[in-house]
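Chemist: Listed here are the chains, written in short residue letters.
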Amino acid sequence: MRDEATFVDESLLKKVPRWRGYLEAKLGFRNHWYAVRLSGDVGEGQIEKVTLAGENILLKRINSKVYAIRDRCIHRGIPFSQKPECYTPDTITCWYHGFTYRWFDGVLSDILAAPDSRVIGNRKVQTYPVEEAKGVLFVYLGDEGVTPQPLREDVPPYFLDDDMAVEGHAYLVQSNWRLAAENGFDALHVYIHRTSPLLGNTQRGLPIGHIASSAHITVYEEAGEPKGVYDDFEQHSVVYDATVDGNVVVKGTRSSRPPGPESRSSGASTWLPCSARVDNFPDAGHYQFEWYTPVTEDSHYYLILIGKRVNSEAEALAHRQEFWNRWKPLSLEGFNNQDIEARVGLQTFYKDDRAWLTEGLIEADLPIMKWRELCHEHNRGIQTPDHIR
Amino acid sequence: MRDEATFVDESLLKKVPRWRGYLEAKLGFRNHWYAVRLSGDVGEGQIEKVTLAGENILLKRINSKVYAIRDRCIHRGIPFSQKPECYTPDTITCWYHGFTYRWFDGVLSDILAAPDSRVIGNRKVQTYPVEEAKGVLFVYLGDEGVTPQPLREDVPPYFLDDDMAVEGHAYLVQSNWRLAAENGFDALHVYIHRTSPLLGNTQRGLPIGHIASSAHITVYEEAGEPKGVYDDFEQHSVVYDATVDGNVVVKGTRSSRPPGPESRSSGASTWLPCSARVDNFPDAGHYQFEWYTPVTEDSHYYLILIGKRVNSEAEALAHRQEFWNRWKPLSLEGFNNQDIEARVGLQTFYKDDRAWLTEGLIEADLPIMKWRELCHEHNRGIQTPDHIR
Amino acid sequence: MRDEATFVDESLLKKVPRWRGYLEAKLGFRNHWYAVRLSGDVGEGQIEKVTLAGENILLKRINSKVYAIRDRCIHRGIPFSQKPECYTPDTITCWYHGFTYRWFDGVLSDILAAPDSRVIGNRKVQTYPVEEAKGVLFVYLGDEGVTPQPLREDVPPYFLDDDMAVEGHAYLVQSNWRLAAENGFDALHVYIHRTSPLLGNTQRGLPIGHIASSAHITVYEEAGEPKGVYDDFEQHSVVYDATVDGNVVVKGTRSSRPPGPESRSSGASTWLPCSARVDNFPDAGHYQFEWYTPVTEDSHYYLILIGKRVNSEAEALAHRQEFWNRWKPLSLEGFNNQDIEARVGLQTFYKDDRAWLTEGLIEADLPIMKWRELCHEHNRGIQTPDHIR
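Protein chains in written order, with the working numbering: chain B, -5 to 383; chain H, -5 to 383; chain Y, -5 to 383.
Here chain B stands alone, though its shape is the one from the complex (with noise of 0.2 Å):
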């Protein structure tokens, strides 16, 4: 049995005062959105597993719109999709006694076994918000009583606007969430991608390192604006020529195209709950969001969108056509699954909570504790085991 008192020991938390929150967040935050499935995964009619944040949720798409309700009967907890039974549209009953809920509202509506029981319309199952964006299914994470912040306030800045095309496509990864998130904005692990056949084929430069310093970052904490740190990459300092022992033992890749975005990707944003925004990347003029979406303490989602400006439909559709000809075997599957290495990597050390007191974090490290702080002084709420109980 978990209990509450050692899901992040109270004596760790206390040596962090400025990241707490972060080192207790190993489930996620709550009261944020979460981009949990591509509008495609969840057709009409169509119900949809998920875990968010160790919370068993089912999606279901009823006339265009997708509801979210909580995968577990409020009888006896058995789980709705064990058997799923839906009898009306816009109703799912549970397959052991037949307590049937509206998906809208998760009002108990009916017990087909007991019709005239006085809990029915009296009680109600789990829901939880859901909004479509930019072809993303987003579920809100949220307290009862609590009104949704606007989506926009939870998504990197760009991913709305109405000339952004995004194309997408997400995978399970076996590490905590924070892992991806801080693999993802460390400008020092350009390392592992130097075999990237991304490289060959855009003909764009990739150095071994380049090297934040608090000059470089920004952070973003205004009121109702999403609230990230932003690292840019071309003020950084820039290591070619990696040495061991003073011999060049490793080179990085210049680019043969003209200085600046053309040449490589020009900074990189990470953004709360947990997501990420790299500009121009994989090639000048995209941008690639991802989210590491919490789903075990020991897993999470990994969606990478890839964006771009469009201004018809046909460079949407041609932009359609690069992401899965291109991005996707070159970019998703040809340098993502290096950080996807990492990550595993990382977790071998991180599962135990103690290890983020015992890392050897370096001056480089900087917009990763930048991130942190962030976390703690922003999130809106810690999602902790009770929550999934």
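These are calculated hints, taken from the structure and not from any lab test.
In this list, chains with the same sequence are indistinguishable; a pair is considered to hold if it fits within one copy or across any two.
No farther apart than 27 Å at their CA atoms in a straight line, the calculated lysine-lysine pairs in the DSS-like style are these:
no., residue 1, residue 2
1, LYS77, LYS322
2, LYS77, LYS245
3, LYS77, LYS43
4, LYS345, LYS43
5, LYS245, LYS118
Computed from a predicted model, the values in this text were never measured in an experiment.
Given chain B's structure and the hints, the job is docking chains H and Y onto it.
Modeler: This is chains H and Y only, laid out in the frame that chain B set:
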């Protein structure tokens, strides 16, 4: 290392003063008789390994009678069953150092490798009383020094009657034993059986739900008699037409046979420590006896026996044939298999002890609550991890 | 999250004041030398991954000498072994950010992605002293600042003698290391070996049991010398005819060779931190050396070496041939495999720390108790989960 203090948390127990002993009895009760095997499972001279409420036990039939000992040498804890050695019919020898015990009383009668040890004759391996009745082997899980109550106090009334012929089969089910007991005694759960092939075969009826009130429930708690709760189905209010939003979406099966027991089961009862009887089921004039014997916290031995009163060997043989040809495929595997599915679903929720406090029972769950209170009141002890070590 | 406080419960430890340090040493002792691999397992330039007492370690042979470092980058805990990178013979580079360490002293000599970091030259990954003797690689599991004792203090006497030729093979066994040590040093356990093909092959004898008394046991605890317990088999009272109820049911094997060492093994001894020597075994004039090196709480590295004194290269070669042709199939895999079976059986009981207090040792287990007390008295520190994190 599992600690007794965390077996079931005291903070939970104190919230249910009327059935605290039941919430605590994750592994069942002590000082009761349990059905553990069918007689035919243990032939003459044969050794059978059993787990009862977490305790590993060996059965052996010697000169027709079955004996039971703990499957663990007192010397260094070796399981005899890893490599059973029996040099005489009525002893078992540990394969590691030759510690030899009598099946009859557990006394250490010889040590093959150390024949002069002073402990010989002075130590014992734990033994368990065994009784055999109606083709079922019962083991008494008792505290030291406790004289077993007569078996008849721990089985449903009628089961031991001279004219009662029973035939049965058993299944290992992956749920806690209490979920099985509650599933069987839950009048509402007939909803899941609406698709059973048994209905067409017997031409009997089955409502979508039938609802008990306290007037229909009898609690049996006389000293020296079996302790149980009886629910009289014939007085229930019955639902045949199940509606959602006012429209009939599922119909129960109305019998084409005369009203009363001919038409449907007349009542169900549940008995300490973990058995049940369903009257006039699977057909009029039959009794279904069930045991939900705790194996581990997460599994139980589900024994189903169909009983019928007989006046001759020929009638007993006919009943036996009907069991194997008709009831086993149609009722055990075409009706009770649906119960097994429900228990596995319940287990996903109730495996966390806290679930017992967040469940949402309704009026019609009254018989279940009566059963919990009966168990609390009349059990003879709680099995805990300390008994297993 | 495993907590040090629950590693071995204080309430158990205080019940065994004379061997508390042994009960605590689930993962072995610190500041001792451990046999971890055979020399041939690590060829020139080759990297080998080892787990010692829960610590993940990499070995590499550089210019004939073997070095050992912790398999965990100090930066973010990544295991080097996930994708080992070595740009120079005497460095290892973490594949994630290019942190580069010297095998010799563990110093962080370069960071490929951040060559200007102030931490370069100022931090170290943990290194471990390594010694190689008699074809075995020994690693010192030491506290920081502790100067390793000479290897000779941590191996059985005779093992390092110049004329001692040894050949061996190793197995990973799924039991705690202490169960292996006790199994090996347990004079009664010969009972399990009565069916070994070794007996027929050597024409030597093996009783069913032989029983030590304190007069036969010598404890070695002189400062600066190996610490061990020796049990002199030749003085034991010996059992050849094992009885149940007064009838002989099993007979030991009496030797057809002259009495004394020609006829059977003359004694066994166990040594800190986790080795043993059996004299005149598997045949007269041979020594069996064994190591039970802790890997995890539930597994150990079981190294078996057969030693023989030789006067020439030809004799050494003959011994080598006899090992592979005769002792490995007949003794290691026809005798010691029976010990492995016993350890796996013991593990089912002793994996719960409480078992050490509910076991039922007898008079003949005296050598085991002497061994536990020796370990308590003379170990140089206890390995705990804190050392692994």
